[in-house]
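So the sequences go chain by chain: A and B. This note's numbering applies: residue 131 is where the first sequence begins, and numbers increase by one. This note's numbering applies: residue 7 is where the second sequence begins, and numbers increase by one.
Worth flagging that the hints you see were computed from the coordinates, not collected in a lab. Just so you know, not all the hints are guaranteed correct.
Calculated pairs, BS3-like style, for lysine-lysine (alpha carbon to alpha carbon, straight line, at most 27 Å) [stated by the list, open to error]:
(1) B:76 to B:100
(2) B:102 to B:187
(3) B:83 to B:100
(4) B:187 to A:230
(5) A:262 to A:230
(6) A:262 to B:187
(7) B:76 to A:262
(8) B:210 to B:187
(9) B:84 to B:25
Just a sample of chain B residues kept apart from chain A, beta carbon distances all over 10 Å, derived [unchecked claim]:
(10) 16
(11) 26
(12) 28
(13) 39
(14) 77
(15) 112
(16) 152
(17) 179
Positions of the beta carbon are idealized from the N, C-alpha and C atoms, including for glycine.
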Amino acid sequence: MSGSASTPSPTPFPAAGNISDEDRENLRRNGILLTSLEELYNWGRSNSIWPLQFGLACCAIEMIAAATARFDIARFGAEIFRPSPRQADLMIVSGTVTKKMAPLVVRLWNQMPEPKYCIAMGACAISGGPFKQGYNVLKGIDRFIPVDIYIPGCPPRPEALLHGLTQLQAKIRGERIAGPDMARHLRPENPGEFPIPDYGARDLEPPSNPALFQPPSLPRKA
Amino acid sequence: METLEQIRDRLLARFPAAKIELVTNPGPAAEHSLLLEAATALEIATFLRDDDALRLDYCSNATGIDWPDKEIVETTKKSVPDPAGGPAKIIEEKTKHLQPGYLETVYHLYSMARKHGPVVIRLRTGNRSDQVTLPSLTPVWRSCDFQEREIYDLYGIRFSGHPDLRRLLMWDGFEDHPMRKDYVAPDDFEWEPTPHGSVLDRAKAHYPAPPAEPGVAATPPPNPTEAKS
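So here's chain A without its partners, still in its complex pose:
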């Protein structure tokens, strides 16, 4: 699991001002709670991530299992699967994205309000997975929308989804609301919406968003 390279490495509780995390923890043990707007804001957001309720393939079954009593995604505050993208914070791309489905997924992403996060769940959503060489499957959703957390697996177990969710929570807690390393959704240059590909005669047009994705150009070993 990895975040994108542009965001800072997540720190659990970023403190405003000069006081160190260690000192704050000491004060906290003595009953004095120091906080900042940033910390409070991120604490609230990270513990109420509402996912968008949609599933694409077999990974969605594991996502449903993660919401049931045995795994219980409600322990992490993410149990409210919203049927409307206007009310959702998190898009879990759970399964194979066919080229026919890809424009609809991008449109749903564009309809979600900022701040929004994306989890690519499973091999197909990451890279096309076993269907990578097929004519009809998108080779990873990250060529049209920015992905925050990649969860490998075919399909990933519910525990892996919960791990991905906690990683996303750590990432949200590490976001800054001001300064040079400000969170992505607060930056004025953040597009928020991404171009929706068209159905072409043989493939999607364009097949990927060049602003987001460049195909890897690794040399082949002889």
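Position chain B relative to chain A; hints supplied.
Positioned in the frame of chain A, the structure of chain B alone reads:
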């Protein structure tokens, strides 16, 4: 249930104008089938559904097959007498002819009322390019609806009389028929860690091998003696 031969004979007696051929399956499943003509297929299908002995009221599966043009080589042996009086020579003659390709649909029929089946019927198009229209059997069996749409989508067989013939899996503006043998997928290969087979060929075309590092033995050039022979 009657055997397929009995069904064929009964159909031929009932529809004298129709041409019905028994296609045998040489495999262990021995699932033989009846090859119908496009012109009479709809009547015969209705008869198969409504006939009291058969009552084939359920089409469980409709699928398509692409048979591309096939070059058939026939070898004939001919003995040529030697004019000098020696033993006759045997000459092999190879004749090639092109068997034109066609598209085919296969329907598997069962009877829920009589609890028997399957009876397999086939339909063939004239060729693979312009004579690709076959009668739709959706008016006879409703379960053919989506399956005929899928056949149209992936093989390009047009079903006349289908109530709603649109693509099912690919989008409407898509031009090809991907399950045809000569379909060429979009050239969108991406790097793979362990390519093999046809994927390796595509990898070679897209990601040329790096220049040989100094100190590492490069691939030896082809042997000149081999190249001559």
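Each hint, compared with the structure:
| no. | hint | result |
| --- | --- | --- |
| 1 | B:76 to B:100 | holds (16 Å) |
| 2 | B:102 to B:187 | holds (22 Å) |
| 3 | B:83 to B:100 | holds (9 Å) |
| 4 | B:187 to A:230 | holds (22 Å) |
| 5 | A:262 to A:230 | holds (15 Å) |
| 6 | A:262 to B:187 | holds (20 Å) |
| 7 | B:76 to A:262 | violated (31 Å) |
| 8 | B:210 to B:187 | holds (23 Å) |
| 9 | B:84 to B:25 | violated (37 Å) |
| 10 | 16 | holds (44 Å) |
| 11 | 26 | holds (37 Å) |
| 12 | 28 | holds (37 Å) |
| 13 | 39 | holds (30 Å) |
| 14 | 77 | holds (27 Å) |
| 15 | 112 | holds (23 Å) |
| 16 | 152 | holds (16 Å) |
| 17 | 179 | violated (5 Å) |
Hint compliance for this structure: hints 7, 9, 17 are broken, all remaining hints hold.
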